[in-house]
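Visitor: On the provided structure of chain A, position chains B and C as indicated by the hints.
Chains as they are written, first to last, in this note's numbering: chain A, 15 to 289; chain B, 11 to 484; chain C, 3 to 316.
I should point out that these hints are in silico values taken from the structure, not numbers from a laboratory.
From the three backbone atoms N, C-alpha and C, an ideal C-beta is built for every residue, glycine too.
Worth double-checking, as some hints may not be accurate.
Between beta-carbon pairs, the in silico distance windows are [as the list claims (entries may be wrong)]:
1) Glu-152(A) - Arg-361(B): 30 to 36 Å
2) Glu-272(A) - Val-307(C): 34 to 40 Å
3) Arg-157(C) - Pro-193(B): 32 to 38 Å
4) Glu-272(A) - Leu-256(C): 39 to 45 Å
5) Asp-161(A) - Arg-361(B): 40 to 46 Å
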Amino acid sequence: MRIRIAHVTAYHYDRPVKAVIQTLRLTPRAHDGQHILAWRVEVDGAARLSPGEDALGNRLHVLSAEGTLDSLGVRVEGEVEMLDTHGVVRGAVERFPETVFLRETPLTAPDEALCAFADAAASRGTRDRLALLHHLLEAIHREMTFDTEPTHAATTAAEAFALRRGVCQDLTHVFLAACRHLGIPARYVSGYFLRGDGVVVQEAGHAWAEAYVPALGWVGFDAANGISPTDAHVRVAIGLDYLGAAPVRGARTGGGAEALSVSLRIEQAAWQTQA
Amino acid sequence: MATAFDEMTGVPGATEVREAYVTLKRWLETTPRHLLDTRRSQAELFFRRIGITFAVYGEVEASERLIPFDIIPRVLLKREWEILERGLKQRVTALNRFLADIYGPRECLRAGVLPEDLVYRNPCFRLEMAGVKVPHDIYAHIAGIDVVRVDADTFYVLEDNVRTPSGVSYMLENREVMLRLFPELFEEHRVAPVEDYPDALLASLRSVAPAGAGRDPTVVLLTPGQYNSAFYEHSFLADKLGVELVEGPDLFVRDDVVCMRTTEGAKRVDVIYRRIDDDFLDPLVFRPDSVLGVAGLMSAYEAGNVTLANAVGTGVADDKAVYSYMPEIVRFFTGEEPILKNVPTWRCREREALAYVLDRLDELVVKEVNGSGGYGMLIGPHASRQEREQFRRKLRHAPDGFIAQPTLALSTCPTFVAEGMAPRHVDLRPFVLTGADGCRVVPGGLTRVALKEGSLVVNSSQGGGTKDTWVLDA
Amino acid sequence: MLSRTADHLFWTARYLERADFLARILDATTRLTALPASYGRPGNEWESAVASSGCAAGFYALYDGANEYTVRDFLAFSPTNPSSIRNCLSVARNNARAVRTALTIEMWEAINDAWLELRRFDAKAMDREEFARFLEWVKAVSLAFEGSSHRTMLRNDAYWFTRLGTAIERADNTARILDVKYHVLLPATEQVGGSLDYFQWTTILREVSALTAYHWVYRESVKPWLVADLLILNRQMPRSLTSCYETLVRHLDLIAEAYGMRGASQRVASTTLARLTGTRMEDVFQSGLHEFISGFIADNNRLGVTIAEQYLMP
Chain A
15 MRIRIAHVTA YHYDRPVKAV IQTLRLTPRA HDGQHILAWR VEVDGAARLS
65 PGEDALGNRL HVLSAEGTLD SLGVRVEGEV EMLDTHGVVR GAVERFPETV
115 FLRETPLTAP DEALCAFADA AASRGTRDRL ALLHHLLEAI HREMTFDTEP
165 THAATTAAEA FALRRGVCQD LTHVFLAACR HLGIPARYVS GYFLRGDGVV
215 VQEAGHAWAE AYVPALGWVG FDAANGISPT DAHVRVAIGL DYLGAAPVRG
265 ARTGGGAEAL SVSLRIEQAA WQTQA
Chain B
11 MATAFDEMTG VPGATEVREA YVTLKRWLET TPRHLLDTRR SQAELFFRRI
61 GITFAVYGEV EASERLIPFD IIPRVLLKRE WEILERGLKQ RVTALNRFLA
111 DIYGPRECLR AGVLPEDLVY RNPCFRLEMA GVKVPHDIYA HIAGIDVVRV
161 DADTFYVLED NVRTPSGVSY MLENREVMLR LFPELFEEHR VAPVEDYPDA
211 LLASLRSVAP AGAGRDPTVV LLTPGQYNSA FYEHSFLADK LGVELVEGPD
261 LFVRDDVVCM RTTEGAKRVD VIYRRIDDDF LDPLVFRPDS VLGVAGLMSA
311 YEAGNVTLAN AVGTGVADDK AVYSYMPEIV RFFTGEEPIL KNVPTWRCRE
361 REALAYVLDR LDELVVKEVN GSGGYGMLIG PHASRQEREQ FRRKLRHAPD
411 GFIAQPTLAL STCPTFVAEG MAPRHVDLRP FVLTGADGCR VVPGGLTRVA
461 LKEGSLVVNS SQGGGTKDTW VLDA
Chain C
3 MLSRTADHLF WTARYLERAD FLARILDATT RLTALPASYG RPGNEWESAV
53 ASSGCAAGFY ALYDGANEYT VRDFLAFSPT NPSSIRNCLS VARNNARAVR
103 TALTIEMWEA INDAWLELRR FDAKAMDREE FARFLEWVKA VSLAFEGSSH
153 RTMLRNDAYW FTRLGTAIER ADNTARILDV KYHVLLPATE QVGGSLDYFQ
203 WTTILREVSA LTAYHWVYRE SVKPWLVADL LILNRQMPRS LTSCYETLVR
253 HLDLIAEAYG MRGASQRVAS TTLARLTGTR MEDVFQSGLH EFISGFIADN
303 NRLGVTIAEQ YLMP
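Chain A extracted, bound-state conformation:
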């Protein structure tokens, strides 16, 4: 399946900004189930982009701009060809052994309640890690409600779990915290998700998890949808948690308040490429 993505982020500042610097993780790499047909990241004239790579092998751009800016825009456009691999990720760039992904981070540190929850999911009589991970995925999907209201970018797994609510970032953090508590290496994935209901315009990108299963390697788990990723999941960056895979991290000097507008279209592209 071909998926076409157009993702525009615009910042408007109520006072001119003197300097902006951002790191963008907005460019996917290929793996066995994902081929990049075309991809580009563009910024407004005043800003500069320099490409690079982070520690985990994610493609990175450093965006910088100085002077007096009233606004800043980042435009991502691309087309990928996806294959359904039942969530198994092969042929991706791996810079570190999987044990690195057992690390707890501030965003994924579990509290007692989350540990108890993970232990309960693990105690359902299976020794098969893959089955256990699916139990966990179902449990989180069942237990937690998707809700954009109560959480924010810095909400921890334990906080979101206590609320039993959150967005895909929070559900993924809960999954990671539970996995690592159970001694299973797990990592955060940020990317795009083509909806099955035909809705093209979305509010934000998507996030899910990957956990390590010895016989298979890294396997994806989408806690927000309660499924393993399919050919509708475009994988962009990985990290120990949201911060490590965040599409945008930035800092600026001056500028007062900031208004952010995002326009994101994710659609199937087959009909167009035939033309």
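Guide: Showing chains B and C alone in chain A's frame:
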């Protein structure tokens, strides 16, 4: 617990005097008490006037407190020092090679020198540093190695500090005040000087400037600011080095080059002697809420346009769990037997060790793997039953986070306390500098003294004091 | 030099100058209120003191009315008034501590000793006499700091930025007094008051410590337009607006010369100085004293902003 070795008399209370202290003891016996009292208050006045203070966390009122200074110096003979010095250089060389290896080829992990997990799962092992080339492969440019003495011939390394070790300003100021107050003592002893430390530090820092820096590299000292507990030291050192004392907002990154904001416009910075922790260095890479760091610093660093001293990610080497493997690390990277011993250490992550430790909580010292400054520590023999039980729970809950060591009989030195002269336990933090041309140790270091009778905790945050440390040059 | 260093030096000097000014307002107001009511006391000296300090809004949010105790408390000790003498000294000390090594040991001791000693003054237990001693002490602190900077600093940009801070604050303070009391200086008041206003005029002179200077300069009894002339245009009077601007222009020029570059600060300062030196007192009264002073305060603020943009926080 064994009887402590006394550095002046050998056995506590004995009448004979060890060689290093012969002259000092005679002087102490012939100097009237009131004179010592006067000198002590003069010393305190001096420290107060220069504003040398240390902030103590959790005490609002005492947020600027003096560290007590003891006027009786701690004395080492040259031949004792030479052994220490060799041992320190060997150890710091090994630490640097270890860091270069785990951020590079990782041969020591393949060779099984230490368990992989201790590195990979360690939050101080900075993934961002993997494959980054630092000038001359030096990571720990400034190291403070805490050493304790247990008898005439044996020194143990208690702790390696290779993140942002502090205390060197006290070493320098203690000597300064001793020279002012006791000139006659210096006439009778040939004390090796320490005041060239700032020059040596600056030379080390300049020697690791990035290739693009030009002939006169710009060095700055990066401080978290005046509310940091060690701010006095930061401003003292910047002054002695003759470099700008900068805070995060004074710096910015443009096209992967670090610049500082000056009244004459932007100026390129080549070497940053940073006294802020990794976590706060760059909000785009580490803690996003940090206002102490510089956005984009890591990308300039990875591009090789600026040198950070110490390097990012050194914390993995002074972790207390990695510490227990230091003898193996020294052997692997230098091919030599370690000159300085490690304190025997039980790693609570190992099941048998944990059982052993839980059985002997009343005789061991238990430390948090990532704690510092004497916080998060249990001194078994001195702890209450309640404190021991609290640690028992912590150990059972997260054994990986702890190590345990026997309660060492730290050596004692004569110390001037309210009741007069009395032996008090001491440790020693010498400072080891590493630059392009090798390792240097300034003769001496910071002697910390536990002022409470019988106490083994020398940390300034826990009521410890300091002494001048003399290496006799004869 | 680091911009932040220049910024801290500039503000250290400003806050110490402000502390000195507040001490003078309190001192002069206390004297004025000691006079019997028949000597022309309008009865609102304490309100006028609050207005001169430039923090009236903050004051009336905290207190119902202005009297000796509320004003003393607010201007000298209040922790909630960012410009109380206590806060000025403590902010100045924090600024100084942040750039400790850019100061000479004498300057640091002047300010650090003051900060340590400040804690010994107990505002609650203070009677009039002790309060008077406190005010003298504040003036001595500012004097010691400025004096030691003058005697001990190298004549480089660190010194020049310190001088700029003092001069710009001093100009602001003098202008504020004039802004609050301009009505007693208008020519018309001579007929109204005669000697009744004498004590108002001398109070103004005391507030800028210029009473003796007045007699040396004009050698005649106190006349309101001469008071205005002394405070605005007289080049010999160190607190006059003209004198402050001569200092500002001189030190901005030294900075420009050292850095090899002139900028907006130099232009703004010399424009204001040219306006002051090209003005006669008659013109000022003709076009309105109040308007003139308001215009000056705005110009002076603009210079502060320009210096900040150019040097202190680029």
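Visitor: If a hint holds in the structure, say so; if it does not, say that too.
Guide: So, going through the hints one by one against the coordinates:
1. The hint said 30 to 36 Å for the Cβ distance between Glu-152(A) and Arg-361(B), and at roughly 33 Å that hint holds.
2. The beta-carbon spacing between Glu-272(A) and Val-307(C), approximately 23 Å, falls outside the hinted interval of 34 to 40 Å.
3. Checked against the hint of 32 to 38 Å, the C-beta distance between Arg-157(C) and Pro-193(B) comes to roughly 35 Å, which is consistent with it.
4. The hint said 39 to 45 Å for the Cβ distance between Glu-272(A) and Leu-256(C), and at roughly 40 Å that hint holds.
5. Separation of Asp-161(A) from Arg-361(B) is about 43 Å and conforms to the stated range, judged on CB atoms against 40 to 46 Å.
In this structure, the one hint that does not hold is number 2.
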